[in-house]
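8 protein chains.
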Amino acid sequence: MHSPTPCIRFDDARDARIGLPEAVFCEGKPLRALKTLLERFAEPQSAPILFTRLAADVFDGMPESLRSAYDYDALSRTAWNRSKPAHAQGRAAIVSAGTADGFVAREVSRTLTYLGWSNERFEDCGVAGLWRIQGQIARINEADVVVVVAGLDAALASVVGGLTSKPIFAVPTSVGYGVAEKGTAALYSMLSSCAPGVAVLNIDNGYGAACAAARVLRAVFERSSC
Amino acid sequence: MHSPTPCIRFDDARDARIGLPEAVFCEGKPLRALKTLLERFAEPQSAPILFTRLAADVFDGMPESLRSAYDYDALSRTAWNRSKPAHAQGRAAIVSAGTADGFVAREVSRTLTYLGWSNERFEDCGVAGLWRIQGQIARINEADVVVVVAGLDAALASVVGGLTSKPIFAVPTSVGYGVAEKGTAALYSMLSSCAPGVAVLNIDNGYGAACAAARVLRAVFERSSC
Amino acid sequence: MHSPTPCIRFDDARDARIGLPEAVFCEGKPLRALKTLLERFAEPQSAPILFTRLAADVFDGMPESLRSAYDYDALSRTAWNRSKPAHAQGRAAIVSAGTADGFVAREVSRTLTYLGWSNERFEDCGVAGLWRIQGQIARINEADVVVVVAGLDAALASVVGGLTSKPIFAVPTSVGYGVAEKGTAALYSMLSSCAPGVAVLNIDNGYGAACAAARVLRAVFERSSC
Amino acid sequence: MHSPTPCIRFDDARDARIGLPEAVFCEGKPLRALKTLLERFAEPQSAPILFTRLAADVFDGMPESLRSAYDYDALSRTAWNRSKPAHAQGRAAIVSAGTADGFVAREVSRTLTYLGWSNERFEDCGVAGLWRIQGQIARINEADVVVVVAGLDAALASVVGGLTSKPIFAVPTSVGYGVAEKGTAALYSMLSSCAPGVAVLNIDNGYGAACAAARVLRAVFERSSC
Amino acid sequence: MHSPTPCIRFDDARDARIGLPEAVFCEGKPLRALKTLLERFAEPQSAPILFTRLAADVFDGMPESLRSAYDYDALSRTAWNRSKPAHAQGRAAIVSAGTADGFVAREVSRTLTYLGWSNERFEDCGVAGLWRIQGQIARINEADVVVVVAGLDAALASVVGGLTSKPIFAVPTSVGYGVAEKGTAALYSMLSSCAPGVAVLNIDNGYGAACAAARVLRAVFERSSC
Amino acid sequence: MHSPTPCIRFDDARDARIGLPEAVFCEGKPLRALKTLLERFAEPQSAPILFTRLAADVFDGMPESLRSAYDYDALSRTAWNRSKPAHAQGRAAIVSAGTADGFVAREVSRTLTYLGWSNERFEDCGVAGLWRIQGQIARINEADVVVVVAGLDAALASVVGGLTSKPIFAVPTSVGYGVAEKGTAALYSMLSSCAPGVAVLNIDNGYGAACAAARVLRAVFERSSC
Amino acid sequence: MHSPTPCIRFDDARDARIGLPEAVFCEGKPLRALKTLLERFAEPQSAPILFTRLAADVFDGMPESLRSAYDYDALSRTAWNRSKPAHAQGRAAIVSAGTADGFVAREVSRTLTYLGWSNERFEDCGVAGLWRIQGQIARINEADVVVVVAGLDAALASVVGGLTSKPIFAVPTSVGYGVAEKGTAALYSMLSSCAPGVAVLNIDNGYGAACAAARVLRAVFERSSC
Amino acid sequence: MHSPTPCIRFDDARDARIGLPEAVFCEGKPLRALKTLLERFAEPQSAPILFTRLAADVFDGMPESLRSAYDYDALSRTAWNRSKPAHAQGRAAIVSAGTADGFVAREVSRTLTYLGWSNERFEDCGVAGLWRIQGQIARINEADVVVVVAGLDAALASVVGGLTSKPIFAVPTSVGYGVAEKGTAALYSMLSSCAPGVAVLNIDNGYGAACAAARVLRAVFERSSC
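Here the protein sequences line up with chains B, S, C, U, Z, F, H and W, keeping their order.
All residue numbers for the first sequence refer to my numbering, where the first residue is 143 and numbers rise by one.
All residue numbers for the second sequence refer to my numbering, where the first residue is 143 and numbers rise by one.
All residue numbers for the third sequence refer to my numbering, where the first residue is 143 and numbers rise by one.
All residue numbers for the fourth sequence refer to my numbering, where the first residue is 143 and numbers rise by one.
All residue numbers for the fifth sequence refer to my numbering, where the first residue is 143 and numbers rise by one.
All residue numbers for the sixth sequence refer to my numbering, where the first residue is 143 and numbers rise by one.
All residue numbers for the seventh sequence refer to my numbering, where the first residue is 143 and numbers rise by one.
All residue numbers for the eighth sequence refer to my numbering, where the first residue is 143 and numbers rise by one.
To be clear, the hints were calculated from the coordinates, so they are not data collected in a lab.
Be a bit skeptical, because a hint or two may be false.
Stated by the list, open to error - Some but not every residue of chain Z turned toward chain F, in silico, with C-beta under 7 Å: (1) P186; (2) A270; (3) G271; (4) W273.
Said to hold, decoys possible - Here are a few chain U residues that sit away from chain C, every Cβ distance over 10 Å (derived from the structure): (5) A158; (6) T255; (7) D295.
Everything numeric in this text was worked out from a predicted model, so none of it was measured.
A virtual CB, placed ideally from N, CA and C, is assigned to each residue, including glycine.
Kindly produce the complete structure, drawing on both the sequences and the hints.
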């Protein structure tokens, strides 16, 4: 019984080309391939790298020598060897509806931190208690870009979209059951938002939302610093 | 070429049994059957009857003598020969998100009026402008039961559900396009509402929401008058 | 490896605002967050709280000192520290189709009991043996509000809806296989009920049905006592 | 601009092989092909033939000489040149829920008549008024095979399935709106019936249900006459 | 921690009413309820009973004293205390496409045997090798009713439907992957069969197909013996 | 009221690059754009071009001078200014299930003719009468590539796939109703074919099947002529 | 026959609150309501307003006096009384795949122009001819934000997403047939884009994409001008 | 407790009839049946056989004597007793988008090798870094047939389809999450490809793609060698 060693063609020029370095999406990749990759980027001179969807039991199964080379977070299932230098300006607000959405909200936060952008989380802002979002909106509007994370009916995206003039990205989560199971209800709700200009990412795609936000932050601050 | 005359078995005892008289859902019924029914209930001694989903072009195609026997409303596509006596107490609030939802909201209103229950409509309360629903909520809470009508993301149901303690029924509408087309997004959103105890009707089923509200109003007022 | 302590923003005013205290939906919440919450409400002075979807293996994994502070039920996966005071009047009937629907029917029952409302269960009333529901209907009609719980074809909702004048809420269950798997057939059937005024909750949402019933019971009895 | 004359390969031996002669499903066939076929079977010596889904405006557009060769029914959209000889024994009961289901119920009836089998229709038996089906069930149980036709929640199939020991076929109809639109809710409900041994046909497939019933009638009566 | 003992309302009169005794569908029922039921019917005087979807690991977990009271089959997941007396005449043919469909085909067979009807299985008749079904069709046509069991494209149902005049029931199986996963492709294909009069059961519903076949066998043989 | 003139960027090098010239898919294109394109290719020196999905009423509305420059076929809704030179060898077999599938089968045929490849149609080969396909299979196997066109259950693809060793492409058609409406059942069935190596095109995509067949014919005959 | 005059609650403060004035979505609104709105904003002193999804036959049916007050475009179905003042800096690139996508691409363009933002369209850039997008990418990268409009497989979004560092919004269109009908394939493809940070709008939602782009342009240029 | 020994009817003549020997799809087959089959083909004189979807834990559970008779590959889950003789000419290119698609790409490769056809894999060619596919396309075009394997948006199929004139088969993979979960997005995208003549297999059906490619290779090389 034998399987070929995975050969992986990295898009090393991606950072130069689109301002976002390649990341490794770990779900579905064979264990052997993941180990090879973790080893490659554990070496001192290697470029910064971000691993996403790296399950805790997979990471915990790696040798201690390898694990110690990474900053790993179990809730968001992310790991990096080192983050990029922090930008002087620019901040993202990450607004989420419930505690169960935390694994996605934290993936947004960790990815932005890795990319060097400051960010702040506003948790438990579900609209069934409107005072929760209303008490935070002034502070949220001080950010340069807003990411809304919600499952179930995802009504939070429409409410926030009607209260901010900032670029806004919405991430449906797979939190829920029945028709909301796997995030379909939240995705449909966000795509149908009655607030204008709310752009949507795939279900649970916190990484993508962070990249979209980073594209905006770069447009605002790299330009104005010219 | 010949077709059989439709023979229709009325559930005449329905009112006595469940407090709601039978109504005629006209969509999909052959023209000949509709005419027969309209004739039957145009006669002076006939019981009160409500026709729903009776399209304007169908109604307009009936002879004037028949049309004059009915109170017809084109927006809600409803007609009745005469409404039931008005109840002394009890009022429903009908809250809708946008102008395009009017055809359903009005079906709720007309059905309640036919059943003898007072009701008030609150239009254009979509949450992209939160002040709209917030400005009306005190008045809405004076009603005994609340019906929310919305298409697209249907976020209004969750927001209202978090602001009222009254029995609340939500009707998704087929207003929208893309993933919201035909009301699927709104239906899923309402069923997944983060506000507790929001009960849902089929898409565009204003008639059903009015019946659900009438069941509640009857429970409240017929009981307390005993 | 580290994860942030969850910070949870409680909607403490919810009971005052909508007559229903906040509950904790446990599915999908990290273990650490659940433990924090169970600890918080185990303290003597804490407000009444209801935990739903709290799996037996999760609850059993908590320390005995914590478990003893709660009334836990494995079938419905609910726990409370203490229930609210029982109301003097008002009763709900909970009608279910088969034994397999019991986990949802019991969630309805437990939630109502927690909220202080009396309730009675009518099990095994599936319409393939019509005598079962017909033998119970008189007793069911003595209740103030009716909840129907069914999976598969959910035909029970339509039959009961045609036999009672009371407010009626229908909960589809995820019981079934093939096209009925996960409750889609039951949900669609209930939303399409030929009986007027049957309002529907999300699949397996026994908690929501209890809240909807409680809104009605409150409307009937808090009003009439004024 | 030119189009080829349709060439059609008839399965003339079908009747001998499976006891059911080929029928012509007209929906989607080009007008020219339909006219050719109608002409072919209008000739005196031609075999018996049944046309299904032959829309009234299509049939009405044919020359009078052609139309007069057929027995056409607008509601069921069926036409035949002549029916097969009537069998001495054997009868089917066709039970339908509402007036709007009539176009399918009549397709069942017309197809059975064409095939020579006696049949009786029981209309307006929807379960929201249980007395309607209960008043007819004794008579229905005198038939040799039962066909149930219903849209919306299709609860009728389960109720009848629990009240008869006869072979039973269920046809969902496209009657309804929202989640019931195009018959999906009815199809799912019938396939999930809690009554054992209810077999289902495609949505609106009255022709297929009649063929299934005819297969059974043939098994019962051709055998016993041996 | 406590859960209520399940109380089960048996439809004992079902056999007298519809010719099919009640069976116990075990999937989704709590372990405690299953044990109670197995105990109840293990007693000497109890009526015949069939358990379906009784997983091997559940049955194996019961005490030996209980297990010995039943005839259990692991592939079909069925158990009975004793079968009904065999009928003198009447035979069903069960035709299946591939080895993986065996768990359903055997559920058909076991249920028919339990009900007292003779039956024969024709395995591995998939149409990608047409000779397989063609070599068996003469023997299949000697049966009184035919059940076709297939997953994937379920093309077997149409081919058999065009080669037999007997009543024919089709059971889609959940065998397959991609668009065929969980049996959707097979279900749609069977419902759309180009062969007339093929009636369809829910996915994997071998029990239902056996009941449908038994209804037909009863109609043929109980009648002719009169 | 004004609209911009459409500017269209032709992929003129496509023929050189992939052996297939660009074609114009007309559905959804504004009338003005279609007219501009028809005018452009009506000129004597213009390259060969194929228009697909060009509805008869659109084509008939063009001026006679334009129409006379094209070979138009109403059934397949295709038009060309001139076809490419015929190849000396190579032939495709196009097998279809029913008359209603003709509009797709003819699109396959017309596209192949336009591309210079000989082809033959085998109509009305549906498997409900197996003799139809069996009587043609020897002749079909003389072709170099096979295209199967079918709606409904699309069982024909599996049967042909098990009877030929030639490359085989399957096109589901939108012919059917209920679960077969719009071709979903046929698409799923073909993708799940139990015959190995059947490759599938989008629903009604006769043009794509012809291109796939042309890719194969080119591989066989351009190579062997080297 | 009478219908109530629509009463519309404008969100007049929306521009001040979120930087985007309210627009009127015309699809599904009754004719009478549209006329009232067009009249209201035709008056000299009225605020700027944008009507979207205003069908040509509806607009053409309005009196000339009303029509002359608006700048109407039939392809995008948009009308405005006057546009907002043009910004000094900031430009959007609108990249589309095929001619049939033009109606959406133009809605993006018209909405941006109305909001005062410069924009440029890049049509016919479908990836089946890669040279088309590669020849334009340098010019596209000079813009401040990119909108990609595509139907069918929507592969263009991923290709552009991998070639630009700018904020990028993707709009699936309803262009296509079979599985691509109504834009589902394009929506799914864009949400699943392998290029990081591509954010998605609802199907055909050109208006929403323009608003998302305007949020970004405002963030870049209103900030940098401070 | 007993289960019948599976009896399997092999289509031994398949190779002679369609040029492809029967293979054994192991998923869903009972363990006992798999063992019987592995034993049967482990004998020295047995014909060549391919097992697909044979999970590593199942294979590893077989006795060493049985395992040693097979060439097993864990990634592709395939095993053969011996491969067919290699053909002198003919080569397939297998192009895949990401590392996670490797399990399908390798099934294509292994199946082709088993069938005796040379093949080469081109991994990690996702279009988010266009240079990856562009650097390989010349070499890919040297093959006789191309197979594209991709999940998520599957944009690779359209890009390759526009760069090669060779017969091309596309296999969507179940790689992805959210709307891409289980391969639906990839399947829809490939079926909607804007490149002409891309034919599609079921999700994860690497075996089918290899068979389709083998049909083409046989057509090209068995013919030209005549």
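Exercise. Hints broken by the structure, by number, lowest first?
Worked result: 1, 4 and 7
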